[in-house]
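J.: Modelling step: build the complete structure from the supplied sequences, incorporating the hints.
Residue-level listing of the chains:
Number of protein chains: 2
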Amino acid sequence: MESVCVLGAGSTKYGRLDDSIVDITVQASADAIDSAGIEPGDIKAGYISNVFGIADKQVHLGPVIMSNLGISDKPSLSIESACGSGSVSFREAYANVAAGFYDCLLVAGTEKVTHTGTEWTTTYFAYCSDFFHEGSAGVSFPGLFASMARAYLTEFDATEEDFAQVAVKNHNNGILNPKAHLRKKITIDDVMSSAVVASPLKLYDCCPFSDGASAVILCTEEFAKKVGGDYIRVTGSGRGGSPAALQGREHITTIPSTVLASKAAYKMAGITAKDVDFAEVHDCFTIAEVVDTEDLGFFEKGKGVEAVREGKTTLNSDISINPSGGLKSKGHPIGATGVGQVVEVYDQLTDQAGPRTVNDAHIGITHNFGATGASCAVHVFESV
Amino acid sequence: MESVCVLGAGSTKYGRLDDSIVDITVQASADAIDSAGIEPGDIKAGYISNVFGIADKQVHLGPVIMSNLGISDKPSLSIESACGSGSVSFREAYANVAAGFYDCLLVAGTEKVTHTGTEWTTTYFAYCSDFFHEGSAGVSFPGLFASMARAYLTEFDATEEDFAQVAVKNHNNGILNPKAHLRKKITIDDVMSSAVVASPLKLYDCCPFSDGASAVILCTEEFAKKVGGDYIRVTGSGRGGSPAALQGREHITTIPSTVLASKAAYKMAGITAKDVDFAEVHDCFTIAEVVDTEDLGFFEKGKGVEAVREGKTTLNSDISINPSGGLKSKGHPIGATGVGQVVEVYDQLTDQAGPRTVNDAHIGITHNFGATGASCAVHVFESV
Numbered sequence: 073m074e075s076v077c078v079l080g081a082g083s084t085k086y087g088r089l090d091d092s093i094v095d096i097t098v099q100a101s102a103d104a105i106d107s108a109g110i111e112p113g114d115i116k117a118g119y120i121s122n123v124f125g126i127a128d129k130q131v132h133l134g135p136v137i138m139s140n141l142g143i144s145d146k147p148s149l150s151i152e153s154a155c156g157s158g159s160v161s162f163r164e165a166y167a168n169v170a171a172g173f174y175d176c177l178l179v180a181g182t183e184k185v186t187h188t189g190t191e192w193t194t195t196y197f198a199y200c201s202d203f204f205h206e207g208s209a210g211v212s213f214p215g216l217f218a219s220m221a222r223a224y225l226t227e228f229d230a231t232e233e234d235f236a237q238v239a240v241k242n243h244n245n246g247i248l249n250p251k252a253h254l255r256k257k258i259t260i261d262d263v264m265s266s267a268v269v270a271s272p273l274k275l276y277d278c279c280p281f282s283d284g285a286s287a288v289i290l291c292t293e294e295f296a297k298k299v300g301g302d303y304i305r306v307t308g309s310g311r312g313g314s315p316a317a318l319q320g321r322e323h324i325t326t327i328p329s330t331v332l333a334s335k336a337a338y339k340m341a342g343i344t345a346k347d348v349d350f351a352e353v354h355d356c357f358t359i360a361e362v363v364d365t366e367d368l369g370f371f372e373k374g375k376g377v378e379a380v381r382e383g384k385t386t387l388n389s390d391i392s393i394n395p396s397g398g399l400k401s402k403g404h405p406i407g408a409t410g411v412g413q414v415v416e417v418y419d420q421l422t423d424q425a426g427p428r429t430v431n432d433a434h435i436g437i438t439h440n441f442g443a444t445g446a447s448c449a450v451h452v453f454e455s456v
Numbered sequence: 073m074e075s076v077c078v079l080g081a082g083s084t085k086y087g088r089l090d091d092s093i094v095d096i097t098v099q100a101s102a103d104a105i106d107s108a109g110i111e112p113g114d115i116k117a118g119y120i121s122n123v124f125g126i127a128d129k130q131v132h133l134g135p136v137i138m139s140n141l142g143i144s145d146k147p148s149l150s151i152e153s154a155c156g157s158g159s160v161s162f163r164e165a166y167a168n169v170a171a172g173f174y175d176c177l178l179v180a181g182t183e184k185v186t187h188t189g190t191e192w193t194t195t196y197f198a199y200c201s202d203f204f205h206e207g208s209a210g211v212s213f214p215g216l217f218a219s220m221a222r223a224y225l226t227e228f229d230a231t232e233e234d235f236a237q238v239a240v241k242n243h244n245n246g247i248l249n250p251k252a253h254l255r256k257k258i259t260i261d262d263v264m265s266s267a268v269v270a271s272p273l274k275l276y277d278c279c280p281f282s283d284g285a286s287a288v289i290l291c292t293e294e295f296a297k298k299v300g301g302d303y304i305r306v307t308g309s310g311r312g313g314s315p316a317a318l319q320g321r322e323h324i325t326t327i328p329s330t331v332l333a334s335k336a337a338y339k340m341a342g343i344t345a346k347d348v349d350f351a352e353v354h355d356c357f358t359i360a361e362v363v364d365t366e367d368l369g370f371f372e373k374g375k376g377v378e379a380v381r382e383g384k385t386t387l388n389s390d391i392s393i394n395p396s397g398g399l400k401s402k403g404h405p406i407g408a409t410g411v412g413q414v415v416e417v418y419d420q421l422t423d424q425a426g427p428r429t430v431n432d433a434h435i436g437i438t439h440n441f442g443a444t445g446a447s448c449a450v451h452v453f454e455s456v
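Residue numbers (the numbering used here), protein chains in the order written: chain A, 73 to 456; chain B, 73 to 456.
A portion of the hints provided could be inaccurate.
Note that the list lumps identical chains together, so a pair holds whenever it fits in one copy or between two copies.
Stated by the list, open to error - Calculated pairs, DSS-like style, for lysine-lysine (alpha carbon to alpha carbon, straight line, at most 27 angstroms):
| hint | residue 1 | residue 2 |
| --- | --- | --- |
| 1 | K335 | K116 |
| 2 | K373 | K346 |
| 3 | K116 | K339 |
| 4 | K335 | K384 |
| 5 | K339 | K384 |
| 6 | K129 | K297 |
| 7 | K256 | K298 |
| 8 | K257 | K85 |
| 9 | K384 | K256 |
| 10 | K373 | K335 |
| 11 | K384 | K129 |
| 12 | K373 | K129 |
| 13 | K298 | K346 |
| 14 | K257 | K129 |
| 15 | K298 | K257 |
Keep in mind that the hints were calculated from the coordinates and are not lab data.
Treat the numbers as computed from the prediction; the structure is a model and nothing was measured.
T.: Right, dumping it as structure tokens:
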């Protein structure tokens, strides 16, 4: 097995973007290529993650992106796993480099939906649930995560203010990230007084719909050394699944796929949760981050809220959770999100994170899931 | 590298289907599992290929399929490469088994679009072209392949009747395939007198819009031997790309990605085009099959029509092209097509093809592309 590295990273701003899905993907890819110090011709294939290219009238994105980069002869594909598309695409590219099929790949995630409006987006996003059992009953994702939040409030010593604190923390981080969608300081009162979306979740408990594209260059360590730029190692890669519909699960205050994926990734990397310096986790709703930090092994089940309350997950505390601002503040262009998490880890571990730097960090992880965690991938990265 | 095998295969009928996209995919998958003689729990991950799940309100198909098969803990993903999705998904699964990441995978392709009507389908399929340069100018796939056909007629010694002969041949094969969509004998006159879709292509030069799902079980040879059923080896896997828009290509009577993918696949398998006994090729339009058989190295450039005219590509002639009936007669459920080709090769090489059997066949290939060949994958299979 080859040692696999991230050699460069690029990203557009996340938010409401005017450029086309093709243009933003090419921008992020070109930035990643520049960051890596390579030529487009060094890339042997393109792994694109995207869910709703149809919203901008472009499916089969791979060849269009490769053609725009001037490497139309190179193969490409699109990978979709709902909101977890980016990390699943990263995982496939990782497997191909590790196996020795390619020495250098482009992994680009992208989404462009804000121009379609909230109704279109909410409806189509619901097609990512188990639609026969969930969406067709009128439940979309805020409702599903609200069920998880209500169960959590019932089972554990938690309050809605605890969830609100997750949003406050992630906005504090996002303010320090020039690429973030919502760069706005908020208070617990702001969250508590925002409109109820699906009780107990309020507007500020929810991540925004965002446009955006992120890209990284993945290569063998031999290739990275030859190029000579800053690189980090991918030391663990794990995947897992959960029953597609929330109703099929024994407990809804845990996400089985996160547990499976993180255990596999930690095992491959030869680490435990205690070794992780910072984590980019899937906080599509505030409740999700709380559940994630427990399922990833950072805190015991039911103790994630206590950790938030005590400030254990703020920047440069016990474990920095979502230094980028997370989905909540940085934004959530669903096909791009998982790749964007890798961009953040690359920036952190190569000293390019500026004021949001996690001090003395050597090990970072990404955790990204689709739907209510029906699919999940976790990756472990280490500085060289 | 592990020796990779196809251990089982299943498929729904192709055509207009009433069942949901989830149901048809589960049916094909369950058939493949039965055919392989394994239990669902033997499967370590699911590779799903699909383009327009939104047409049946189900994106993020992987976890829904895995949950319905009772293996919700196993990871899954969806892969899209337009009409070439199936073979690209197969390629990714192949790479993962070859690398030793998994010993047994489900590869399932699926599409459900006929209920949306021709206008929806034509419009959305056009999003698989380079939409900015092609679709937005009002050109959909019949127009693009008509351009290729017109160029071919101009450059080479060919007639519209030659193209028609491809349709006649593939219908002759499809009649022998109980899973085929259009099981109807046709004549050259039928083709020539059918409605003009985009001159010189007429209705009977075009494959139909189809629903359908196909699945195969991919595993290591060690796993296949332990199970003990019929299996075939995957001995070559190649991919390639072409400029996304037809206007970006130097010549439009050849598809560069086919040449790249087939050369790579033959090289890996240690064969030449002469060694191939039969081929399932991408005949979305009759002109495509002619161009394919040249680009795959079976005939010289410009001589593909002569081969058709002289009956060199009929069942059990020089080289049997599309014994299944091809996209033209068997049908083209776009996410399923590439996987369905593998089902045909499995049936042929394990003596399960009945009256359409290619006699004494030992080597078969699949050739499947997206759009006008912007993306392509070729695989070589050999009997044990």
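J.: So, for every hint listed, does it hold in this structure?
T.: To see whether the hints hold, each was checked on the structure:
1. K335 x K116: between (31 angstroms within a copy, 16 angstroms between copies)
2. K373 x K346: within (15 angstroms within a copy, 63 angstroms between copies)
3. K116 x K339: Classified as between: cross-chain Cα gap 18 angstroms, same-chain 29 angstroms, threshold 27 angstroms.
4. K335 x K384: Classified as within: same-chain Cα gap 22 angstroms, cross-chain 56 angstroms, threshold 27 angstroms.
5. K339 x K384: For K339 and K384, the Cα distance is within 27 angstroms only inside one copy (25 angstroms; across copies 56 angstroms).
6. K129 x K297: neither (40 angstroms within a copy, 46 angstroms between copies)
7. K256 x K298: Intra 42 angstroms, inter 60 angstroms, cutoff 27 angstroms: neither.
8. K257 x K85: Only inside one copy: K257 and K85 sit 18 angstroms apart there, 57 angstroms across copies, limit 27 angstroms.
9. K384 x K256: within (22 angstroms within a copy, 70 angstroms between copies)
10. K373 x K335: within (16 angstroms within a copy, 54 angstroms between copies)
11. K384 x K129: Result: close neither inside a copy nor across copies, 44 angstroms intra and 41 angstroms inter.
12. K373 x K129: neither (43 angstroms within a copy, 35 angstroms between copies)
13. K298 x K346: neither (33 angstroms within a copy, 40 angstroms between copies)
14. K257 x K129: neither (35 angstroms within a copy, 38 angstroms between copies)
15. K298 x K257: neither (43 angstroms within a copy, 60 angstroms between copies)
The structure is inconsistent with the numbered hints 6, 7, 11, 12, 13, 14, 15, although it conforms to all the rest.
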